[in-house]
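Enquirer: Here the numbering used here is used: the first residue of the sequence shown is 35, the next is one more, and so on.
Certain hints may be false.
Okay, derived cross-link-like pairs now, BS3-like style, lysine-lysine, Cα gap no bigger than 30 Å in a straight line [stated by the list, open to error]:
#, residue 1, residue 2
1, K85, K101
2, K86, K103
3, K102, K85
4, K86, K101
5, K85, K95
Derived by calculation from the structure, the hints in this document are not laboratory data.
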Amino acid sequence: MDGYGMSYGVWGILGLIFSILVIIGLVLLIKYLWESSGAKREQESALEILKKRYARGEISKEEFEEKKKDI
């Protein structure tokens with residue numbers, strides 16, 4: 035019998051492999067997106083904030099050096 039039955043043959047195996055690859059791809063994509071968004075949530079170090087404030091001119095060189103020693 036070669037009709038529309040339960041026998042999927044090679045296409046069934048290829049479909050299964052394709053489905054597994056799609057699932058693995060989705061898992062890897064979710065993992066990548068999860069980890070990359072976590073990097074954005076990390077806070078800047080105190081020294082980085084201090085350097086930015088000095089670069090913007092919010093604090094003088096003396097203040098920068100004093101605060102840098104405190105860190």
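Enquirer: Which of the numbered hints above does this structure break?
Expert: none
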